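One line per chain: the protein sequences are P and S, in this order.
Under numbering that gives the first Met the number 0, the first residue of the first sequence carries the number 0, and numbering increases by one thereafter.
Under numbering that gives the first Met the number 0, the first residue of the second sequence carries the number 0, and numbering increases by one thereafter.
These are computed hints drawn from the structure, not numbers from a lab.
In this text, all values refer to a predicted model and were calculated from it rather than measured experimentally.
Be careful, since some hints might not be right.
[What the hints assert, rightly or not] Taking beta-carbon pairs under 8 Å as the criterion, some of the chain P residues facing chain S (in silico):
#1 ARG10
#2 ARG14
#3 GLY17
#4 GLN35
#5 ILE40
#6 VAL65
#7 LEU66
#8 PHE69
[Claimed, not checked] Between beta-carbon pairs, the in silico distance windows are:
#9 P:GLU15 / S:ASP456: 28 to 34 Å
#10 S:ASP456 / P:LEU36: 40 to 46 Å
#11 P:ALA11 / S:GLY453: 32 to 38 Å
Glycine is no exception: its CB is placed at the ideal position from the N, C-alpha and C atoms.
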Amino acid sequence: MTTTELAHRVRAKIRERGTLRERVRVLEAEVQENRQLNRRIAELTDVVTELLIPLEARDQERVDEVLGRFRTGL
Amino acid sequence: MTVAVSDDGLLVPPGESPLVVEIDGHYVWSLTPVRDGAPAAGGVLVPWPGVLRPYLSGRGRVRVTDPTGSAVLYDDEVGLGAGSGELAVVDRAGHRLSVDKVGHLARSFADTDEQVREEILAGTRRAIDDLREHAGVAAYLNYGALLGAVREGRMLAHDSDTDLCYLSEHTSPADIVAESYRITRAMRAQGWRLLRMSGGDVKLLLPLSDGRVCHIDVFAAFHVNGTFFQLGNRSGDLPRSAIEPFSTIELHGHEFPVPRDPEAMLAFLYGPQWRTPDPSFRYADPPAGVRRLDGWLRGFRTEMGRWTELYNGPRRSAVPAGPSSFAEWVAPQLGDGRAVLDVGTGTGRDALWFARQGRRTGAVDFSRGSLGVVRRRAKRRGLEVEVDQLILGELRSTLAHGTRLARDPHDLYARHLVGCLDTAALDQLWLLSRMALRPSGGRLFLELAAGEPGPSDGLVRRVPVDVVRAGIEASGGVVEHLTVGPGDDMFDLPDPAVCRIRAAWPAPDSQEKR
């Protein structure tokens with residue numbers, strides 16, 4: 000292998016590593032995004048169980064009471 | 000080799016053993032030279048912690064010793080800063096303060112009298128009972144209080160609060176967050192004032208007879224895929240059997256539940272050297288565990304501290320008190336008889352002005368510091384402003400306000416709010432706008448610093464106008480007015496590119512008719 004060929008191969012390897020590093024950075028950001036769904040799911044669960052089920056009763060007085068309690072209990 | 004004390008910090012011999020610093024005969028800070036300092040001529044220079052600096056002006060006695068106090072490295076009268084008064088680290092009421100292990104300034108038990116200590120322990124006991132009876136979780140004493148009880152049979156001298164943990168049955172982070180919401184609700188119903196610090200960490204506020212408020216942290220602990228996680232930020236190997244069933248320990252006459260194997264818990268928390276006192280101890284948490292806990296449980300209050308600092312500090316006075324030019328521009332466009340809600344109200348300068356014009360006004364912000372300022376100002380001026388917390392990073396908070404506003408017609412007003420929000424919170428601003436404005440035909444008025452995000456003071460960033468317009472339109476809104484030109488920033492300093500927007504969220508059928 001000539002020196003020029005060797006230099007080419009080394010440069011290609013370095014480029015490849017740079018791309019991998021960038022891919023890891025992007026993947027880490029995407030993993031973190033997915034982890035954040037946990038809090039979103041918990042918030043939706045809380046709203047459904049604490050609010051929507053009582054609201055389904057369509058009793059205005061009870062609706063006001065439930066909404067008021069939900070807000071003060073956050 | 001000697002120690003030198005100056006405005007820059009302490010020049011100490013290089014070493015890995017902790018040192019304790021007293022000012023005016025009272026403990027204020029502990030440090031480990033090679034960890035906290037940088038090599039300098041004559042030793043290692045450890046800078047004063049930022050939280051201490053405001054107090055370091057005047058003359059007084061500084062003493063540097065080993066943790067037991069037997070080896071004295073320095074004990075002399077010094078003059079620091081430009082002040083001529085007495086050097087002392089005390090709060091407004093004269094209580095002694097010290098730097099705690101997470102770098103905050105707090106009162107420590109060493110400066111807490113017996114009656115107050117008794118209140119703290121009785122309050123902690125009551126918290127455990129309420130958590131068990133009303134929130135359905137079994138809590139155990141942990142961290143400093145556990146260490147003090149096991150190692151010394153008393154509260155640690157340099158500790159400043161008590162910490163409780165409960166071992167969750169759940170293994171999915173979403174379930175753990177939902178459980179923490181239930182705990183919050185149950186404890187509020189029992190009359191506790193509290194702060195939600197993350198999806199798995201609640202701070203109970205216990206008022207003490209000396210006017211101080213003690214924080215009782217209630218941390219979730221849980222296993223996910225075999226790894227043990229315990230808030231604050233701990234993660235590693237600790238089996239359930241090391242925690243349950245609990246054993247008990249006595250602390251100053253009170254009996255507390257503690258992990259079944261307290262020594263295993265202490266080694267997990269503080270390492271194998273936990274029996275040797277080290278007031279300057281800092282956690283070495285595995286970064287992978289911290290990343291997971293950040294992703295699962297945190298994000299809605301990342302910048303809250305910065306804002307609270309602004310509202311409770313001297314920089315608040317840099318925000319003018321009168322109405323902004325934007326408020327004066329918006330006022331004639333507000334709906335007849337319709338209320339206005341100032342979203343991200345800050346010091347409340349515009350909300351208070353709207354109220355003075357005789358308009359029904361609400362003011363919301365995510366910072367409790369802001370809400371305190373607005374309430375006090377409204378009261379002082381005899382104005383009625385409905386003040387409430389809105390955390391746009393929290394879906395529950397956004398939905399709760401959206402539901403209320405859908406039935407109570409408002410215009411929404413938000414000056415320099417957009418530049419404070421992350422992508423998730425910005426999306427929830429559009430959700431709130433749609434919920435609030437669709438039924439009543441109200442408007443959203445926005446002012447923001449336009450442009451590509453660049454270096455900022457960490458409070459307000461520039462936002463590209465396209466991003467804002469796209470967000471409004473994607474959520475069903477219509478931009479009725481948009482200008483970009485010279486204007487004012489949050490402090491009324493000139494800004495060359497300020498964007499003003501008026502947007503509406505027409506009901507779906509009225510959009511079809513247009």
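Now for the hints, and whether the structure bears them out:
1. ARG10: violated, 32 Å
2. ARG14: Nearest chain S Cβ about 28 Å off; hint violated.
3. GLY17: violated, 23 Å
4. GLN35: holds, 6 Å
5. ILE40: Where the cut-off is 8 Å and the nearest Cβ of chain S is about 4 Å from ILE40 (chain P), the hint holds.
6. VAL65: At about 10 Å, which exceeds the 8 Å cut-off, the nearest Cβ of chain S leaves the hint on VAL65 (chain P) violated.
7. LEU66: holds, 6 Å
8. PHE69: holds, 6 Å
9. P:GLU15 / S:ASP456: 28 to 34 Å: violated, 40 Å
10. S:ASP456 / P:LEU36: 40 to 46 Å: violated, 31 Å
11. P:ALA11 / S:GLY453: 32 to 38 Å: Holds - the Cβ-Cβ distance for ALA11 (chain P) and GLY453 (chain S), about 35 Å, lies within 32 to 38 Å.
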